[in-house]
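Chemist: Single-letter residue listing:
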Amino acid sequence: MTSAIIFPIFVSFINLYTMNFEFSEEHKMIRQAARDYAQRELLKDVLERDAKAEIPWDHIKNLTELGFFGMMVSPEWGGGGMDTISYVLAMEELSKVDSATAVILSVHNSLVCWGVEKYGTPEQKEKFLRPMGSGEKIGAFLLSEPEAGSDATHQRTVAEDKGDYYLLNGTKNWISNANSGQIYIVIAQTHPEKGHHGINAFIVDKDTPGITLAPHEDKMGMRSSDTHSVMFSEAKVPRENRIGEDGFGFKFAMKALEGGRIGIAAQALGIAAGAMERAVQYSKERKAFGKYLSHHQAIAFKLADMGLKVENARNLILKSAWHKDNGLSYGTLSAMAKLYAADMAMEVTTEAVQILGGYGYVKEYHVERLMREAKLTQIYEGTSEIQKIIISREMLRD
Amino acid sequence: MKILVCISNVPDTTTKIRFTDDDTRFDTASVQWIINPWDELALTRALELKEGSGGSIEKVTVVNVGPKESEPTIRKALAIGADDAVRIDAEPLDAHVVAGELAGHIRNNPYDIVLCGIDSSDYNGSLVGGMLAELLDLPSVSSVSKLNIENDEITINREIDGGSEILSTETPFVAIVQKGIALEPRIPSMRGIMMARKKPLNVVEAAGAEPLTEFVRFELPPPKAACKMVDEENIRELVALLHNEAKVL
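Quick note, the sequences are listed as chains A and B, same order. For the first sequence, counting from 1, position 57 maps to 57 in the working numbering; every step adds exactly one. For the second sequence, counting from 1, position 104 maps to 104 in the working numbering; every step adds exactly one.
The hints are all genuine.
Mimicking EDC-like on lysine to aspartate or glutamate, the simulated pairs with C-alpha atoms at most 16 Å apart in a straight line are: (1) Lys28(A) <-> Asp12(B); (2) Lys199(B) <-> Glu25(A); (3) Lys28(A) <-> Glu69(B); (4) Lys224(B) <-> Glu285(A); (5) Lys28(A) <-> Glu71(B); (6) Lys375(A) <-> Asp218(A).
Cβ-to-Cβ under 8 Å is the rule here; a few derived chain B residues that face chain A: (7) Arg75; (8) Pro188; (9) Ser189; (10) Met190; (11) Met194.
To be clear, the hints were calculated from the coordinates, so they are not data collected in a lab. Just so we're clear, the structure is a prediction, and the values are computed from it rather than from any experiment. All C-beta atoms, glycine included, are put in the ideal place defined by N, C-alpha and C.
Given these sequences and hints, build the entire structure.
Modeler: This is the structure in structure tokens:
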């Protein structure tokens with residue numbers, strides 16, 4: 001009788017214990033390392049790089065030495081073996097200062113490294129993942145096309161099966177890391193009659209003959225992340241570079257994007273948190289009508305709304321990262337995280353500009369740049385509208 | 001050659017300082033703890049020396065006098081690159097406890113070079129380094145801004161009024177380091193962070209050094225007065241303010 005009473009109490013105690021919001025010592029150290037690098041190094045030249053739209057080569061090198069490139073790749077393949085929570089913490093801190101550098105990291109880590117580690121053959125991992133795990137080579141993910149952005153099922157880039165190799169022809173658009181990256185994952189159509197079931201994914205070395213880059217896109221924000229169109233003209237790709245079975249490419253791309261969304265959501269979170277920190281600081285220093293901005297309720301309430309939204313996004317992102325780390329499904333959660341974080345980043349950065357007023361509108365005060373950067377998080381790696389399709393489809397599934 | 005770096009676990013420099021127990025104790029609630037900044041620079045220099053030594057410096061150890069709560073800070077030192085760590089299990093009640101405990105450990109485990117930060121950013125006593133050297137009967141050099149070792153020749157720059165003094169010394173010795181000893185503290189790498197838990201962190205019993213001081217009461221400094229901005233064209237107003245309000249002219 002006694003044990004029957006004690007047993008349920010014991011079980012509920014265990015359940016209570018597993019709901020744990022605490023970061024490990026390592027998580028805190030990783031967050032601090034990313035914060036230190038961002039505040040000490042990225043901040044120095046972020047305005048200049050934004051103005052000149054220059055690739056942050058030095059920072060890529062330093063972040064590689066610190067182990068951020070390839071941080072989630074297993075140590076077996078030369079990576080850091082970190083979990084997704086660590087990655088989210090790093091992305092947030094780097095993006096508070098410079099989300100253009102952070103997106104180079106995000107594409108490399110969560111789309112390319114993850115994709116090859118999860119679905120690549122041992123030979124593909126040896127050849128391509130090992131140099132990416134150590135950060136020696138950077139990855140790029142080539143899915144979007146001039147007429148296939150959100151509608152990724154209609155790939156016009158063709159991968160013609162020639163037996164020992166595939167022949168790639170077509171154009172990819174809006175490719176992040178197209179220049180800084182060396183290892184491409186290219187999505188292309190092999191069997192047009194099969195629709196998206198005929199699509200394949202290939203690992204392609206950028207130096208393959210037949211690949212050319214269009215000029216750097218002159219973007220509104222994230223200006224020092226290198227974005228190009230990439231043209232394929234009779235580019236030969238060995239058969240052994242195909243990822244998975246024939247026709248696996250579309251599913252592969254969607255799976256990779258499920259995790260990619262966590263990185264971009266964390267980036268949006270960082271942009272918002274960075275703008276909020278600047279708004280809080282400014283409201284404590286600037287006086288209007290004889291008192292500090294922070295003492296005006298109109299401003300204080302704006303700050304409260306920002307704090308709430310940032311914390312909501314952080315929790316949703318960490319939850320989807322936790323699901324991924326624990327082998328649970330995370331596709332819908334990561335869509336929610338990205339949708340919420342990106343829209344919230346747009347709202348929060350716009351309010352930060354409003355709080356700083358005229359100062360907010362000039363480049364020196366950073367928030368206008370953060371606002372320009374926030375906009376892209378609603379567009380790339382699945383627009384906010386696409387995220388709503390993903391979420392609602394899951395909710396309405398019979 | 002072995003180097004020991006003494007590290008203090010101190011509140012982050014942006015911490016809001018509060019007191020408890022009738023203002024006799026520092027309130028540690030919700031404080032973020034860090035490696036004392038001078039000690040972190042000392043560690044950075046020790047690692048630079050080891051890396052440039054071609055193997056003649058075999059090990060950099062960090063030591064802390066503190067309770068178990070100091071361990072995240074010690075582990076950060078391991079993540080930055082120290083080879084191993086020692087925690088002497090005692091409350092660092094004052095400089096004498098810290099120096100006494102350190103001396104007890106070093107007597108049984110000799111090192112060639114002992115590095116201490118010039119002061120810790122919590123109590124700013126500037127006492128431990130000198131006291132430690134005296135307790136160990138070792139030579140010490142204070143205000144060290146540069147430390148170089150070439151072919152076992154040790155050269156030290158020491159800041160003095162209006163310039164610097166260049167000294168050489170033999171091991172073992174204690175160096176009390178300050179600004180200049182290293183440019184910037186190192187950011188731990190991901191690999192370093194993952195390795196930190198695998199490196200030895202040896203906890204040793206306290207030797208029982210007694211405090212020699214008692215804190216009667218802490219007081220916060222008066223809040224900073226608001227800054228008055230004077231237009232650069234308006235020198236008259238500046239002079240009037242300095243004369244009438246600040247009363248410095």
